[in-house]
Amino acid sequence: MTLDSDSDLEGQIAQWRAYTRRRRELHHADTEELEDHLRSRITELTEAGLRTDEAFLIAVKRMGSLDELSREFAREHSERLWKQLVLPGEPDAPAAARTRRELPVMVLCAALAALAIKVPSWFGLDLADEDAAFYARNLSLFALPALAAYFAWQRRVGVRVVGALAALFALGGVAANAYPLAGDSQSFGLTAIHLPLALWLVVGVAYVGGDWRSERRRMDFIRFTGEWVIYFSLLALGGGVLTAFTAGTFRAIGIDAEGFISSWLLPCGGMAAVVVSAWLVEAKQSVIENMAPVLTRVFTPLFAATLVAFLAAVAWTTSGIDVERDVLILFDLLLVVVLGLLLYAISARDAVARPGLFDRLQLALVVSALVIDVLVLVAITGRITEWGFSPNKTAALGENIVLLTNLAWSAWLFLGFVRGRTPFARLERWQTRYLAVYAGWAWVVVLAFPLVFDFA
Amino acid sequence: MHITKDLVAASATPLVLGILAEGESYGYAILKQVNELSGGRLEWTEGLLYPLLHRLERLGHVESYWQTPPGGRRRKYYRITDQGRAELVEQHRQWAAVVDALRGVWNTTRSINPIVAPAWEAGR
Numbered sequence: 001m002t003l004d005s006d007s008d009l010e011g012q013i014a015q016w017r018a019y020t021r022r023r024r025e026l027h028h029a030d031t032e033e034l035e036d037h038l039r040s041r042i043t044e045l046t047e048a049g050l051r052t053d054e055a056f057l058i059a060v061k062r063m064g065s066l067d068e069l070s071r072e073f074a075r076e077h078s079e080r081l082w083k084q085l086v087l088p089g090e091p092d093a094p095a096a097a098r099t100r101r102e103l104p105v106m107v108l109c110a111a112l113a114a115l116a117i118k119v120p121s122w123f124g125l126d127l128a129d130e131d132a133a134f135y136a137r138n139l140s141l142f143a144l145p146a147l148a149a150y151f152a153w154q155r156r157v158g159v160r161v162v163g164a165l166a167a168l169f170a171l172g173g174v175a176a177n178a179y180p181l182a183g184d185s186q187s188f189g190l191t192a193i194h195l196p197l198a199l200w201l202v203v204g205v206a207y208v209g210g211d212w213r214s215e216r217r218r219m220d221f222i223r224f225t226g227e228w229v230i231y232f233s234l235l236a237l238g239g240g241v242l243t244a245f246t247a248g249t250f251r252a253i254g255i256d257a258e259g260f261i262s263s264w265l266l267p268c269g270g271m272a273a274v275v276v277s278a279w280l281v282e283a284k285q286s287v288i289e290n291m292a293p294v295l296t297r298v299f300t301p302l303f304a305a306t307l308v309a310f311l312a313a314v315a316w317t318t319s320g321i322d323v324e325r326d327v328l329i330l331f332d333l334l335l336v337v338v339l340g341l342l343l344y345a346i347s348a349r350d351a352v353a354r355p356g357l358f359d360r361l362q363l364a365l366v367v368s369a370l371v372i373d374v375l376v377l378v379a380i381t382g383r384i385t386e387w388g389f390s391p392n393k394t395a396a397l398g399e400n401i402v403l404l405t406n407l408a409w410s411a412w413l414f415l416g417f418v419r420g421r422t423p424f425a426r427l428e429r430w431q432t433r434y435l436a437v438y439a440g441w442a443w444v445v446v447l448a449f450p451l452v453f454d455f456a
Numbered sequence: 001m002h003i004t005k006d007l008v009a010a011s012a013t014p015l016v017l018g019i020l021a022e023g024e025s026y027g028y029a030i031l032k033q034v035n036e037l038s039g040g041r042l043e044w045t046e047g048l049l050y051p052l053l054h055r056l057e058r059l060g061h062v063e064s065y066w067q068t069p070p071g072g073r074r075r076k077y078y079r080i081t082d083q084g085r086a087e088l089v090e091q092h093r094q095w096a097a098v099v100d101a102l103r104g105v106w107n108t109t110r111s112i113n114p115i116v117a118p119a120w121e122a123g124r
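In order, the protein sequences belong to chains L and W. Mapping to UniProt numbering: the first sequence position 263 is 263, numbers consecutive. Mapping to UniProt numbering: the second sequence position 68 is 68, numbers consecutive.
With the rest of the complex left out, here is chain W (with noise of 0.2 Å):
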């Protein structure tokens, strides 16, 4: 299934507020998590992620740290801070307000049947 670029970019940066919530993270560490959280079938680029991830930083809403685990490389790490946590929460209202119509939606509308997965990816 192909997500629209538009969806992407608007859902990208809840789900890494999300996911540095859980706690701090790296970029490919990140990347894979999303990829396991939406059953493979949100792919994001490294030209989303890094850029994002910088961008966040900048607004305030994560902050960055390199560290060196004995015997391996130097790795950058992301936090979430408390300005980013408020906008995460900020970010759940929007988007339960958003599912929310979207439902209401979906349940008047006869002509689209409720989302039901796919058989072959029920498995999933």
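Extracted from the complex, chain L is given alone in its bound form (with noise of 0.2 Å):
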């Protein structure tokens, strides 16, 4: 035997765990247990007298097919085809022990999250009075940090990213606080909407374990928001569920629950939720398909199908579109589903493809959004003219722009690529660092917006 052909055999085992690491039916330590089988035939064949590459053909062979493998395997440990959703899959993998504290950490982040909402009425700010209007501005500020905090610990971030985070929820803390916005002005409303957003990326910069350059991470972060979006809604419909169930058992044996549940169920969960689902997401990531994506497959015709249809409309009754304060809205939201079902596409879009189908689906979709941006544009433009600026027209036309200028460029993007002119990670690196815009902008509503209006 030589060096080199020892160099080699290691290299096919390498290939072997490799293709066998594919298999869900096969775990890690399954892996390492046939591995070793594998080496010891091999052994005892090139003790034979076999060349090694012989050796490790025949063992392989005598292996078996690995699907028939597979099968074995899946009859015996049925569950995993299931995927363990909550229990940490690999109890002998090296990070056992981290893996172990993982779900005491969660709780405790949780917990955290939960007694936070409670804190303030230990001050006598009650949630159900006139005080709603200081929840609504802190919303963010009783979930968020314990769950960037459950990130720290879970990407070991060093000191200074945890200063920066611990600063910037400070600043989102001063900000919703040091204002003196009224609860009924338009400044008020836009702090508790983009206050959110703008510690949600925060959140993000937890996530990626304070390596936001890397656009890899940056694309994990979005796969994760639109997971974490998903299970939180399932845990909100559990929670629904729950709540019904205590109220009206409660009420049967004469006991009033509302209390009990408005002022303790409701926002504590609700808080609890936000870093669970987060603990969910992590749990089962690379273990069943991701979610965002199958929807996103399913909603982009159906979207493209409706914008086009809407285009139609507005072309043959040749009407602009009419804007009222709430159909403002309702077209931002609509970009945004928009831009989420690009971002989602993009995500879970295996980045060698080629352009197929669904690519000039999304093309399509993405084109009819912009036309509609426009026309929602010229609106506000109308009517900012003829009114003036106020908060609430400057966040929607800044939003608007925001929007507009991805779309726009996504689109071109989108374009090369189908034409098979561009790679399809431009327009992947242009989506992640898109982020920062987005951050940038939330920020500037918060921070800026109600000195800039004066408080209006």
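For the record, the hints were derived by calculation from the structure and aren't laboratory data. Source: prediction; values computed, not measured. Do not take every clue at face value.
Computed list of lysine-lysine pairs in DSBU-like fashion (alpha-carbon distance at most 35 Å, straight line) [as the list claims (entries may be wrong)]:
#1 W:Lys76 <-> W:Lys5
#2 W:Lys32 <-> W:Lys5
#3 L:Lys61 <-> W:Lys76
#4 W:Lys76 <-> L:Lys118
#5 W:Lys76 <-> W:Lys32
#6 W:Lys32 <-> L:Lys61
Assembly of the complex is requested from the two constituent chains, each provided in isolation within its own frame, with the hints serving as guidance.
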């Protein structure tokens, strides 16, 4: 045996290992056990006088086809196809000690989030009364720091990142509470909407472990966000069922649980769910097909059809979009949804696959959204020239421009991609970089708008 | 000689438990031992052995642990538990009953000659 054939063998075994890793039925430990088996047989065969490459071939052949092997494993471990959602999957993986601590730390963070929303009530700020405005402004400051702390622990981020995170959350706290905003002012509403967005992106910094310059990691955060929304919605549904049963069963025995539900169950449960759903996303990551891309596949054609129908109707009736304030928000939300569909299609796409029908559909969706966005922009500009700037109108204008820029450049890149001129990665890079624009805009609305508009 | 699948499957558990009752072992060694004990007539596949070991572990008949000998690579060993020994005794009882019954049948059935190993296998 020469040194060369030894390294050859290692290469072949590594390949075999990589191949088995792709089997969901085989866990890491099983692969290791089978590899040991393979090596034992190879050793025996080479000792009997075979060359290593011959021995490898025979050993692999004797092991039988992986399909068959996986099927036998699947029969014994049928639970693996359901992939434990909650339990840390591999008890004897190297990181086992940390995995075991994962659950208690998550529970601690969730408890902190749940507790945080009760802290103001110790100082006489009651959730139900006129102090509701306080809660609306600060809502994101209860759960998101706990979530960021969880990720900071899990990713073992350095002191500097922790400092930056703390500073940003403190800034958010100041922005929410230092300005004298009346509960019915427009700036108040804008802060209540934009601060959670700004702070969610701060959580993103914790999620990527401080490595926010890495495009791959930022893409991971985009994926995480979509999955998190789905898990949070599912938990909210479950929470609704729990609430209904709590109210109903206690009423049956003559106890009124309303107070408990509205001041404990709903707020604390909601805050804890923020952390729990994040943990669920992490725990089942790479385990089942992610949900967000699947939903994207279903809704992209439907949204594209709706938008095209809407545009056709606009052309048919030759009426522009008559912008009322509520409708304005509707169109902004529509653009956000289109952008979401685009993002999740991108995040799940195999970057090297050739452009297909679905990509063309996506392009059609983006282009029709663009046209609608231009119509809305025209309408907003008309309103602003007529009535002047107000915080809401300015924010809507800014948001439309931010989204328009993204969609326009995405459409351009997408067109290039569908025609085979641009690699898909450029589209991905564009989207992940644009996160910084969202963060910047959200902070501007939170920090600068109240000053610019004199707390209107 | 080919041994049918059903028979291989039925005898697998007592064989593994019996081997592990002699002392702890690991997958490849168990496979080789089965091969030797049966004079090469029982050829188990990895797809039979490892899922079986995992099932026995799940049922609590065996337990496993990883060991790294100095300078060697990590290997998963199996050892029989008390419950596994009890199971082995039970299996032994059942198999003895089956073998007894079969022996009775072979003796009364004249059409079958007593089982004598064919001459070409006698030396093994």
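Now for the hints, and whether the structure bears them out:
no.: 1; hint: W:Lys76 <-> W:Lys5; verdict: holds (27 Å)
no.: 2; hint: W:Lys32 <-> W:Lys5; verdict: holds (19 Å)
no.: 3; hint: L:Lys61 <-> W:Lys76; verdict: holds (22 Å)
no.: 4; hint: W:Lys76 <-> L:Lys118; verdict: violated (50 Å)
no.: 5; hint: W:Lys76 <-> W:Lys32; verdict: holds (16 Å)
no.: 6; hint: W:Lys32 <-> L:Lys61; verdict: holds (17 Å)
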